[in-house]
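Please put together the full structure from these sequences, using the hints given.
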Amino acid sequence: LQAAFLPANYEYRQRSRFLSCKQGKRELHEYIQEMRELTASLVGNPLIEHIKVTVFMDSLRVGPARTQQLFRVQSSTLEEAIQVALQEEYSHRQARTPASAWPGSSSQHSNRASPSAPVPMELGAAEQHDIRCFGCGKLGHFKRDCQAEIHRRRAYPKPVLKGRWQKPRPRGQGNAGDQ
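Residues in the sequence shown are numbered from 3 upward in steps of one, following our numbering.
These are calculated hints, taken from the structure and not from any lab test.
If you're wondering where the values come from, they're calculated on a predicted model, not measured in any experiment.
Be aware that a few hints might be false.
Derived Cβ-Cβ restraints for the label pairs, each shown as a range [unchecked claim]:
| hint | residue 1 | residue 2 | range |
| --- | --- | --- | --- |
| 1 | Arg98 | Val45 | 31 to 41 Å |
| 2 | Gln96 | Arg154 | 17 to 27 Å |
| 3 | His31 | Asp147 | 50 to 60 Å |
Each residue gets a CB set at the ideal place from its N, CA and C atoms; glycine is no exception.
Quick look at the structure:
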């Protein structure tokens with residue numbers, strides 16, 4: 003029946019696809035699904051298990067699934083290697099996800115911070131005594147609110163410019179209308 007519907011070199015194509023299959027940018031479960039489908043398509047002349055395991059492990063992209071644990075275990079079947087890779091990825095995701103995001107964690111538990119855990123910074127929580135003025139150098143206010151800076155500006159007003167790009171000239175020098 004297969005001879006009637008499958009191409010003549012189907013077995014060769016599937017074996018070639020299996021041997022060249024790589025995870026690439028896909029998720030781990032997508033890569034595993036394709037490896038399982040290709041393995042199932044090679045029923046007539048299956049590959050040896052250690053070749054399947056080697057192809058699977060070498061084709062994983064660098065990441066949590068491809069850890070020392072996967073290579074340390076030395077799986078004897080493809081399914082064992084898949085289980086180790088899935089377990090490593092699961093452990094990595096669990097370690098990266100905060101406890102409050104997991105189902106079953108109570109809001110009481112998430113409100114209690116451990117003493118060594120970092121506390122998020124409140125951007126508007128700077129206290130007045132921590133603020134230093136860059137005008138007078140005193141603590142407690144910004145330069146824009148500095149009384150000394152306001153008095154200094156009033157004592158030395160900026161000269162009024164006559165034109166957009168002109169510098170003020172002393173009297174007696176310049177256009178005939180000024181003299």
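A quick look at each hint next to the structure:
| no. | hint | in the structure |
| --- | --- | --- |
| 1 | Arg98 x Val45: 31 to 41 Å | holds, 39 Å |
| 2 | Gln96 x Arg154: 17 to 27 Å | violated, 60 Å |
| 3 | His31 x Asp147: 50 to 60 Å | holds, 58 Å |
This entry does not satisfy hint 2, going by the numbered hints stated previously; all others are met.
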